[in-house]
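Chemist: Here is what each chain is made of, one letter per residue.
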Amino acid sequence: MPVDVWLYFILGFMIIGSIASLEIKNILSSIITIGVVGLGLSLAFLFLGAPDLALVQFVFEILCVIILIRAFAKRSIEVRALRRDVPETIIAIVILASIFVLSIFAFKDLPSFGKPIVRVAERYLAQAGVETGSQNIVTSVILNYRIYDTLGEVTVLFTAILGTFTILRKTGRKKRHAE
Amino acid sequence: MILYLMCFFLFLVGVYGAITKRDLIKIILAIGIMGYSVNLFLVLLAYRTGALAPILEKGFNVPMVDPIPQALVLTSIVIELGVTALMAALAIRIYQKYDTFDITKIRRLQG
Numbered sequence: 001m002p003v004d005v006w007l008y009f010i011l012g013f014m015i016i017g018s019i020a021s022l023e024i025k026n027i028l029s030s031i032i033t034i035g036v037v038g039l040g041l042s043l044a045f046l047f048l049g050a051p052d053l054a055l056v057q058f059v060f061e062i063l064c065v066i067i068l069i070r071a072f073a074k075r076s077i078e079v080r081a082l083r084r085d086v087p088e089t090i091i092a093i094v095i096l097a098s099i100f101v102l103s104i105f106a107f108k109d110l111p112s113f114g115k116p117i118v119r120v121a122e123r124y125l126a127q128a129g130v131e132t133g134s135q136n137i138v139t140s141v142i143l144n145y146r147i148y149d150t151l152g153e154v155t156v157l158f159t160a161i162l163g164t165f166t167i168l169r170k171t172g173r174k175k176r177h178a179e
Numbered sequence: 180m181i182l183y184l185m186c187f188f189l190f191l192v193g194v195y196g197a198i199t200k201r202d203l204i205k206i207i208l209a210i211g212i213m214g215y216s217v218n219l220f221l222v223l224l225a226y227r228t229g230a231l232a233p234i235l236e237k238g239f240n241v242p243m244v245d246p247i248p249q250a251l252v253l254t255s256i257v258i259e260l261g262v263t264a265l266m267a268a269l270a271i272r273i274y275q276k277y278d279t280f281d282i283t284k285i286r287r288l289q290g
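Those protein sequence lines, which keep their order, are chains A and B. With my numbering as the guide, the letters of the first sequence map in order to residues 1 to 179. With my numbering as the guide, the letters of the second sequence map in order to residues 180 to 290.
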């Protein structure tokens with residue numbers, strides 16, 4: 001089967017899964033459904049010729065599901081029935097549908113699927129083996145040609161983790177005031 | 180082009196969740212869905228028909244897919260994990276303070 005057909009299948013699966021995860025009432029099943037959608041994305045990466053991304057997405061998904069379940073499942077295992085505003089939802093759907101229709105014109109100008117414009121990457125594909133000595137070109141782009149991006153990524157990740165620990169720590173400023 | 184449109188539809192599903200749901204957890208999940216669709220869109224743009232993964236091998240001289248979007252999406256996936264953890268931590272703190280995940284009941288945050 002060609003790649004396109006697989007991708008239609010996987011994308012349809014992901015769309016249905018994400019709608020389901022947003023509409024399910026039980027939070028635990030909602031989180032697990034989002035995990036399934038992420039694993040579908042990992043599969044799609046595999047079909048698109050990106051095995052590194054597939055592996056990272058897989059690990060990300062597992063960790064994400066673990067974090068979300070650990071954070072929320074205990075607090076909201078009961079089925080919650082939040083009242084919803086029907087007119088609000090209808091207005092949102094109408095606006096989003098009109099955005100979708102308008103986007104068809106925008107997507108027409110993009111290069112069609114399977115025929116990308118690879119101008120910068122041609123040089124990398126030709127020279128990366130000699131210049132960096134790495135067999136995997138994704139590695140040589142991350143760790144050599146675009147190393148500043150990776151540095152920025154590590155900074156953002158560090159800041160996010162620092163923020164998480166600062167928010168979640170038990171001994172806050174209150175204790176110091178009491179002394 | 181249909182693949183791009185499906186990808187954009189996935190993004191719009193995420194936007195729909197983020198603007199209509201009143202549950203903080205659902206909003207976090209919706210933002211995650213938006214992230215998925217953007218990552219997938221970038222990798223879709225990079226695909227070349229009949230191309231292999233960008234890994235060099237001796238004797239093989241076949242076309243390869245564009246490695247730059249892949250490298251940047253790799254960065255983006257890792258950042259998404261950190262952001263999700265940060266949002267989860269904020270939601271836990273909000274729950275401890277207000278005893279609810281319903282955003283309409285969190286009164287003191289209203290502008």
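It should be emphasised that the hints constitute simulated quantities derived from the structure, not laboratory data. None of these values were measured; they are calculated from a predicted model. Heads up, the beta-carbon is just placed ideally off N, CA and C, and yes, glycines get one too. Among the clues, some could well be false.
[Said to hold, decoys possible] Derived BS3-like pairs (lysine-lysine); straight-line CA-CA distance at most 27 Å: (1) A:K115 to B:K237; (2) B:K276 to A:K25; (3) B:K237 to A:K170; (4) A:K25 to B:K200; (5) A:K25 to B:K284; (6) A:K74 to B:K200; (7) B:K276 to A:K74; (8) A:K170 to A:K74.
[Stated by the list, open to error] Some chain A residues near chain B, calculated using beta-carbon distances under 8 Å: (9) I19; (10) G35; (11) V37; (12) G38; (13) L39; (14) V56; (15) Q57; (16) F113; (17) N136; (18) I137; (19) L157; (20) I161.
Chemist: With 8 Å as the cut and Cβ atoms as the points, is F113 of chain A at the interface with chain B?
Modeler: Hint holds; F113 of chain A Cβ to chain B Cβ min 5 Å, cut 8 Å.
Chemist: Tell me if the straight-line CA distance from K115 of chain A to K237 of chain B falls inside 27 Å.
Modeler: Holds - the C-alpha atoms of K237 of chain B and K115 of chain A are around 25 Å apart, at most 27 Å.
Chemist: A closest beta-carbon separation below 8 Å is what the hint needs, so does I137 of chain A meet it against chain B?
Modeler: 4 Å, holds
Chemist: I19 of chain A was flagged as interface toward chain B. Is the shortest Cβ-Cβ separation under 8 Å?
Modeler: Holds. Min distance 6 Å.
Chemist: Is K170 of chain A close enough to K74 of chain A, meaning Cα to Cα at most 27 Å?
Modeler: With a Cα-Cα distance of about 19 Å, the restraint between K170 of chain A and K74 of chain A holds, given a limit of 27 Å.
Chemist: For the pair we were handed, K276 of chain B and K25 of chain A, check the Cα-Cα distance against 27 Å.
Modeler: Holds: K276 of chain B and K25 of chain A sit about 23 Å apart, inside 27 Å.
Chemist: Does the interface hint hold: is I161 of chain A within less than 8 Å of chain B, judged Cβ to Cβ?
Modeler: With Cβ-Cβ at 6 Å, under 8 Å, it holds.
Chemist: Can you confirm whether the C-alpha distance between K74 of chain A and K200 of chain B stays at or below 27 Å?
Modeler: 21 Å, holds
Chemist: Is it true that the CA of K25 of chain A sits at most 27 Å from the CA of K284 of chain B?
Modeler: Since the Cα atoms of K25 of chain A and K284 of chain B sit roughly 19 Å apart, the hinted pair holds (cutoff 27 Å).
Chemist: Identify whether the interface hint at G35 of chain A stands, where standing means a beta carbon of chain B within less than 8 Å of its own.
Modeler: 10 Å, violated
Chemist: Can the hint on L157 of chain A be confirmed by a CB-to-CB distance to chain B that is less than 8 Å?
Modeler: 5 Å, holds
Chemist: Has the given pair, K237 of chain B with K170 of chain A, been kept, meaning a C-alpha gap of at most 27 Å?
Modeler: With a Cα-Cα distance of about 56 Å, the restraint between K237 of chain B and K170 of chain A is violated, given a limit of 27 Å.
Hint check: violations occur at hints 3, 10, 13; the rest are consistent with the structure.
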